[in-house]
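Engineer: Position chain P against the provided structure of chain F, taking the given hints into account.
First to last, the protein sequences are chains F and P.
Counting from 2, one number per residue, gives the positions in the first sequence under my numbering.
Counting from 2, one number per residue, gives the positions in the second sequence under my numbering.
Be aware that one or more of the hints could be misleading.
Each pair may be met inside one copy or between any two copies, as identical chains are not told apart.
Said to hold, decoys possible - Below, in silico cross-link-like pairs of lysine to any residue (SDA-like), each with a Cα-Cα straight-line distance of 20 Å or less:
{"no.": "1", "residue 1": "LYS65", "residue 2": "CYS53"}
{"no.": "2", "residue 1": "LYS65", "residue 2": "VAL173"}
{"no.": "3", "residue 1": "LYS65", "residue 2": "GLN51"}
{"no.": "4", "residue 1": "LYS65", "residue 2": "ASP55"}
{"no.": "5", "residue 1": "LYS65", "residue 2": "GLY46"}
Derived by calculation from the structure, the hints in this document are not laboratory data.
These figures come from a predicted structure and were not determined experimentally.
In case you want the letters, here they are:
Number of protein chains: 2
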Amino acid sequence: MAKAVQTPVQTPSSGMNSVQLSKAGNSAYERMDKVSAEFFAMTYGSLVCQVCCDCTDDCDEINKTLDAMGQRIGARLVDEYIAKSNTPRCRSFKDTGEAIAKAGLRMFLGIQANVDNATSSSYSLVFDENPLNLFVELPEQLRGRLWYSNILAGVVRGALDMVSFSCEVNYVRDVLRGHDTNEIRVVLKEVREDTFKQGVE
Amino acid sequence: MAKAVQTPVQTPSSGMNSVQLSKAGNSAYERMDKVSAEFFAMTYGSLVCQVCCDCTDDCDEINKTLDAMGQRIGARLVDEYIAKSNTPRCRSFKDTGEAIAKAGLRMFLGIQANVDNATSSSYSLVFDENPLNLFVELPEQLRGRLWYSNILAGVVRGALDMVSFSCEVNYVRDVLRGHDTNEIRVVLKEVREDTFKQGVE
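Excised from the complex, chain F in its bound form (with noise of 0.2 Å):
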């Protein structure tokens, strides 16, 4: 029986497809200032617990906190992105999906996603592993209402918004609320016409 052959996902008008966005995103990585995954993942824990603490254990608060803070990270990370990815700009909200989950990801938390469930306007970022998780186990109390990560949200959608697309950016699925993977879930509302030219395709 013929093996299936895998075809990368073509994204034309970024001109890159996802193993050169994949090759970018690791060169990218390998060329960067870094430090270990262990000490970010605690300094994050700390700063969920002083948000938690602040925030009397309200989990929606919590979550919009750290969306918040996290899209304030990604108006700034996308400036490091589009002048050390050696990536082609991204001409449309589709091109975005594959930059993030190849690229992206990859230089700034050294981990790699894949995209879901596209359509015109939305897509999922799908990945396993999340440095941000390590050593953490969620209290009964928080488990099912608080996305510990949501920082990762707000970081997509600041980023996406500097570059004029406007989007809501939700985690769907967490492996910490006992879900098989992650899953941060993309949708378009607006592009912004007046610092972008090109439509959605």
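Structural biologist: Frame of chain F; chain P shown alone:
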């Protein structure tokens, strides 16, 4: 004129000199999972901002809070260090300076420090690079009072405490305050005999 020959600092009871510790640190760093220093710096920046809000800019309180967070992290990182650094156990307080400076800081932060002003019961960790400081400029009202990276002093204190050395650990120089380098001063207060039989050399 004959060139001065640099002899590595010998730490006889640990069985490794500073060059060997440096190699062990580099090797452990290469093996570890890592994330980008930029993302780490921005996440730490969010943490400091959150603490600043909670402490309404009371810098003494902010410094204390960051130190306490660091202490908890250090108490856990020391296990990682013991498990992954491939360095011999530090058998005296004197050994710990080079171990932190050359192997520990390299493993977890990707940097190295020099040990300076060492006595039998104190030393300074001196380092120019600090990934926590990336992109940071302190506002005038915090400059001179905030030790922005004080979590690191806490990490060192927490780690030393776990191996029976109760110490006072304080930032004394920080480039963010306009100093020419960063310096963390470590002063031994007590070697707890209950868990550790070796005394101070």
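Engineer: Could you run down the list of hints and mark each one as holding or not?
Structural biologist: Against the structure, the hints come out as follows:
no.: 1; hint: LYS65 x CYS53; result: both (11 Å within a copy, 19 Å between copies)
no.: 2; hint: LYS65 x VAL173; result: within (15 Å within a copy, 37 Å between copies)
no.: 3; hint: LYS65 x GLN51; result: both (14 Å within a copy, 14 Å between copies)
no.: 4; hint: LYS65 x ASP55; result: both (12 Å within a copy, 17 Å between copies)
no.: 5; hint: LYS65 x GLY46; result: both (16 Å within a copy, 18 Å between copies)
Comparing the model with each earlier hint shows no violations; every hint is respected.
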